[in-house]
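*Asks:* Take a look at the letters that make up each chain.
Protein chains: 2
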Amino acid sequence: MTPKKKAIVLLSGGLDSATVVAMAHADKYDVYALSFSYGQRHSIELKAAAAIAEALSVKEHKTAVLDLRLFGGSALTDDIDVPKDRSEDDMEHDIPVTYVPARNTIFLSFALAYAETVGAKDIFIGVNALDYSGYPDCRPEYIASFEAMANLATKAGVTEDDRVRIRTPLIDMTKAEIATIGTELGVDYSMTISCYDPNGEGEACGHCDSCLLRKKGFREADLADPTRYFG
Amino acid sequence: MTPKKKAIVLLSGGLDSATVVAMAHADKYDVYALSFSYGQRHSIELKAAAAIAEALSVKEHKTAVLDLRLFGGSALTDDIDVPKDRSEDDMEHDIPVTYVPARNTIFLSFALAYAETVGAKDIFIGVNALDYSGYPDCRPEYIASFEAMANLATKAGVTEDDRVRIRTPLIDMTKAEIATIGTELGVDYSMTISCYDPNGEGEACGHCDSCLLRKKGFREADLADPTRYFG
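Going down the list, the sequences are from chains A and B.
Using the numbering used here, read the first sequence as starting at 1 and increasing by one per residue.
Using the numbering used here, read the second sequence as starting at 1001 and increasing by one per residue.
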């Protein structure tokens, strides 16, 4: 029996990354899930990540601890208010204060280290260029550029037939499409949490960018939204 | 008075990075030095980094804590013997076990976050493509690729006249040239430590790649080597 291909999947505990884990599984990968404790105020998502990793039978789940509060500069890590009820137009055109400087670059760099040590060639990340908050590090051209860099950074890049690939299966999908596919693949979205500003019980605020996009996704997909909202 | 330009300088505590701090100073930058406590066995270099940062009057010095032992795979973080007395030919052609997967990518990603939060456009790293251990993430093509990616990753990359630059002033220099320039700029190399396998007193082994290259540098530059060796 040929051993299964290995994939690193970045797992935040939200709707998108849970769906990506299920998709990588459906593609017959052994999933090595990677989460981050980076000083996020919504660290309750790490509990969701652990539950999802178990429910979706990943091969291994690691959580890297690094404190991005060292640099500050974001509403997700600092004492800055998370914006509520922004319009879709604002989301499309402004980089909001919830942007964490270089976060996806840091996360993908750790994924690259993980990939190199377990011998995985595929790194999955649930970025989305359609229903998203306007972060620069979610754009397709950023991902392509990271992949090019990754192949020069590592032993993998030394031989041509041995390339690392950054896989972004959600990049052109709407939230509704993502929720539909994940539901078909058996993801239990009640386990996931997308909110930037949840309460201590893991209930969602219902008004941050992430909640608004998630609500819209379930509504447009005509699926029941299992999220517990406090607001 | 125009405010001084800001630069992030990666500071390990070794000969190369101390020289880079002095060069950035000579170029009239305010230096924001960044070190990493990443689970390296030679963590005594962090004491050296702090001493150098103070001696060279950096504006700020931060140390990011992250544990790369999470992934393993290197003699610098794991219980794997550091190779001793390798030939120059081996150093040129083999990636040694001291290679830490994706280390420079992770370090530069943190530097990018730091740069974005303090408003620095220049990130200095003391990589060297001549007298080095054969790590893929020290090659000029890797650095160019990281810079391209960095400008798509951040707010900086959104406008064209606002580019982040990865500065590698040592990349084409021999260790002898580096030691000569640093000495001219007043770097006290007795404060630096390059060894991969030092003892608890911060004395160098004298036989790892890093010690061999450093010795050769001082010898060829006809400078007294202030390093304390135990072997």
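Just so you know, the hints here were simulated from the structure itself, not pulled from any lab data.
Keep in mind that this is a model prediction, so the values were computed, not measured.
All residues carry an ideal CB built from backbone N, CA and C; glycine is no exception.
Each hint should be verified, as a subset may be incorrect.
Only part of the chain B face toward chain A is listed, based on derived beta-carbon distances under 10 angstroms [as the list claims (entries may be wrong)]: (1) L1046; (2) A1050; (3) K1062; (4) V1065; (5) M1091; (6) Y1099; (7) T1105; (8) H1207.
Pairs of lysine-lysine, BS3-like flavour, derived with a Cα cap of 30 angstroms [as the list claims (entries may be wrong)]: (9) K1215(B) x K155(A); (10) K216(A) x K1006(B); (11) K1004(B) x K1047(B); (12) K1155(B) x K1216(B); (13) K1059(B) x K155(A); (14) K6(A) x K121(A); (15) K155(A) x K1121(B); (16) K1084(B) x K155(A); (17) K1084(B) x K1216(B); (18) K1062(B) x K1047(B); (19) K1062(B) x K62(A); (20) K1215(B) x K1047(B); (21) K4(A) x K155(A); (22) K1047(B) x K121(A); (23) K1155(B) x K215(A); (24) K1121(B) x K1216(B); (25) K1155(B) x K84(A); (26) K4(A) x K84(A).
*Asks:* Run every hint past the structure and note whether it holds.
*Replies:* Each hint, compared with the structure:
1. L1046: For L1046(B), the interface hint is violated, since the closest Cβ of chain A sits about 15 angstroms away, which is over 10 angstroms.
2. A1050: Because about 16 angstroms separates A1050(B) from the closest Cβ in chain A, which is outside the 10 angstroms limit, the hint is violated.
3. K1062: holds, 6 angstroms
4. V1065: Given a least distance of 7 angstroms, the restraint on V1065(B) holds.
5. M1091: violated, 15 angstroms
6. Y1099: holds, 7 angstroms
7. T1105: The hint holds - T1105(B) has a Cβ within 10 angstroms of chain A, the shortest such distance being about 4 angstroms.
8. H1207: violated, 24 angstroms
9. K1215(B) x K155(A): Holds, at about 27 angstroms.
10. K216(A) x K1006(B): Roughly 43 angstroms separates the two Cα atoms, so the pair is violated.
11. K1004(B) x K1047(B): holds, 28 angstroms
12. K1155(B) x K1216(B): violated, 43 angstroms
13. K1059(B) x K155(A): It is violated: about 36 angstroms lies between the C-alpha atoms, which goes past 30 angstroms.
14. K6(A) x K121(A): holds, 7 angstroms
15. K155(A) x K1121(B): holds, 29 angstroms
16. K1084(B) x K155(A): holds, 21 angstroms
17. K1084(B) x K1216(B): Since the Cα atoms of K1084(B) and K1216(B) sit roughly 15 angstroms apart, the hinted pair holds (cutoff 30 angstroms).
18. K1062(B) x K1047(B): holds, 13 angstroms
19. K1062(B) x K62(A): Holds. K1062(B) to K62(A) sits at ~26 angstroms (cutoff 30 angstroms).
20. K1215(B) x K1047(B): holds, 21 angstroms
21. K4(A) x K155(A): holds, 21 angstroms
22. K1047(B) x K121(A): Violated, at about 37 angstroms.
23. K1155(B) x K215(A): Since the Cα atoms of K1155(B) and K215(A) sit roughly 28 angstroms apart, the hinted pair holds (cutoff 30 angstroms).
24. K1121(B) x K1216(B): The hint is violated at about 34 angstroms.
25. K1155(B) x K84(A): holds, 21 angstroms
26. K4(A) x K84(A): violated, 43 angstroms
The structure does not agree with the numbered hints 1, 2, 5, 8, 10, 12, 13, 22, 24, 26 stated previously, though it agrees with the rest.
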